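Generate the whole structure from the sequences, applying the supplied hints.
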Amino acid sequence: MRHSWRAAYNYPDPVKLQGRYIMYFGPLFLISAFIYFKERALPKRSALYQGAIILLSCALVVFSYAVLFEQFIFLKAELGASVNSPYGSLMRTLKSGYVALTLAAAAVSILLVGRKRSLHIGIFSLLLIAFYLFGDVRIYQRILTSRQLLNSHIHNLLAVIEPYIPEAEERAAITLEIPSDSESRVIRSWQQSLNFAGYSENALIPSGEVDADPSLVFRAEYAGHRFDLYQLTAGEYRQTEAYKFSHSGYYYAFEEMPAN
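Numbering-wise, the sequence shown is residues 1099 to 1358 according to the working numbering.
Take these hints with a grain of salt, some might be off.
Derived Cβ-Cβ restraints for the label pairs, each shown as a range [to be verified]:
id : residue 1 : residue 2 : range
1  : D1234     : A1131     : 24 to 34 Å
2  : A1157     : S1298     : 51 to 61 Å
3  : Q1246     : A1145     : 36 to 46 Å
4  : I1241     : A1202     : 18 to 28 Å
5  : L1247     : K1214     : 48 to 58 Å
6  : A1157     : G1306     : 51 to 61 Å
7  : S1162     : E1260     : 44 to 54 Å
8  : S1346     : L1146     : 43 to 53 Å
9  : S1130     : E1299     : 14 to 24 Å
10 : E1260     : N1358     : 20 to 30 Å
11 : V1235     : A1271     : 35 to 45 Å
12 : A1202     : D1234     : 33 to 43 Å
13 : L1247     : A1164     : 22 to 32 Å
If you're looking for bench data, these hints aren't it; they were derived computationally from the structure.
Every value quoted in this text rests on a predicted model; they were computed, and no experiment measured them.
C-beta atoms are modelled at their ideal positions from N, C-alpha and C, and glycine is treated no differently.
Here it is, written out as C-alpha cells:
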C-alpha cells in the first residue's frame, strides 16, 4: 500500500515508498476451525436449528454494519478503525449494498453445501471476484476520482503555464491567491501538487479579491502572467473558448492576462 506517491521526494522518479499494514487474526481462527473439523463428522441438526443459525448469522452481519457504519447504538460517527481497514472504503462506498451482496454470497454458498466441492469452490470464487471488481469500480467512481479534483486544478494550471516556462533554467515559483477561508486540506493538496511537479518556494496567499468573486477558485501568477481559474456552469463550459477542463461533474476554465 503506497501512501507517498505524490510526495515531492518522489518526483520525477520514485525513490521512497511508505505504507502501513494491518494484520487480522479473524482469518486465523477460521482456518484453525476448518482444520479442526476437517476429519470430524459434524453432528446432525434439524432443519429448524439450521434455519435459526442462518438467520442469526445474517442478523449479526446486519447488526455489525449498523453499529460500525450507521451510528447505531450511542455512536455519533462511524468507527475510524473500521473506515481505515482494508474493507473500510468498500463498505463505505457500497453502504447497505455491501450487506446485501454479502448475504447473497453467503446464501449461495449455503445452498451449495453438500454438493460437489469443486463446484462449490468455483462458484463461490467467481462470486467473490465479481464482488470485489464491482466494489473497486465503485470506489474509483465515488471516492478516488473526486479526491483528484484538487490535483486536477494544479495539473491543468501547469499545462496553461507551460509555454512560459524558461528553458534550461530552474522553474520559478508560482504565486497562488486563494480564498481566505480555504480549508487546510485544500491548501495542502495544491501545495503538494506544485511541489511534486518541481515547483518549490511557492506562495499561497489569502486574497480579498478572490473572496469577492464566488466563481473564482484561485488566481495564479507566473512569469509575468496571471491565470484566473473560474468554476463554470455546464452551459458556460460549453460556450467558452478559453482553456477548459471538467472533473467529477465540475467545470472550469482559465482566463489568462498580463500580471499587474
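Indicate whether the distance between the beta carbons of A1157 and G1306 respects the range 51 to 61 Å.
holds, 57 Å
Does the beta carbon distance between E1260 and N1358 stay inside 20 to 30 Å, or does it fall outside?
holds, 22 Å
Is 36 to 46 Å a correct range for the gap between the Cβ atoms of Q1246 and A1145?
Violated, since Q1246 and A1145 (Cβ atoms, about 52 Å apart) do not stay within the stated range.
Do V1235 and A1271 keep their Cβ atoms within the hinted range of 35 to 45 Å?
Taking Cβ atoms as reference, V1235 and A1271 lie about 40 Å apart, which means the hint holds.
18 to 28 Å as the expected CB spacing between A1202 and I1241, which holds or is violated
holds, 23 Å
Range agreement (Cβ of E1299 with Cβ of S1130, hint 14 to 24 Å):
With Cβ atoms ~57 Å apart, the hint is violated.
Per the hint of 44 to 54 Å, is the separation of the Cβ atoms of S1162 and E1260 within bounds?
About 51 Å separates the Cβ atoms of S1162 and E1260, which means 44 to 54 Å holds.
For the hint 43 to 53 Å, verify it against the beta carbon of S1346 and that of L1146.
Hint holds: Cβ distance 52 Å, inside 43 to 53 Å.
Go ahead and decide if the range 51 to 61 Å is satisfied by the Cβ distance of A1157 to S1298.
holds, 56 Å
Given the hint of 48 to 58 Å, is the C-beta distance from L1247 to K1214 inside that range or not?
Holds: the Cβ-Cβ distance is about 50 Å, inside 48 to 58 Å.
State, for the Cβ atoms of A1202 and D1234, whether the hinted interval 33 to 43 Å holds or is violated.
Roughly 18 Å apart at Cβ, these two residues miss the hinted range, so it is violated.
Take the C-beta atom of D1234 and the C-beta atom of A1131, compute their distance, and say whether it sits inside 24 to 34 Å.
holds, 29 Å
Going down the numbered hints, you'll see the structure goes against 3, 9 and 12, while the others check out.
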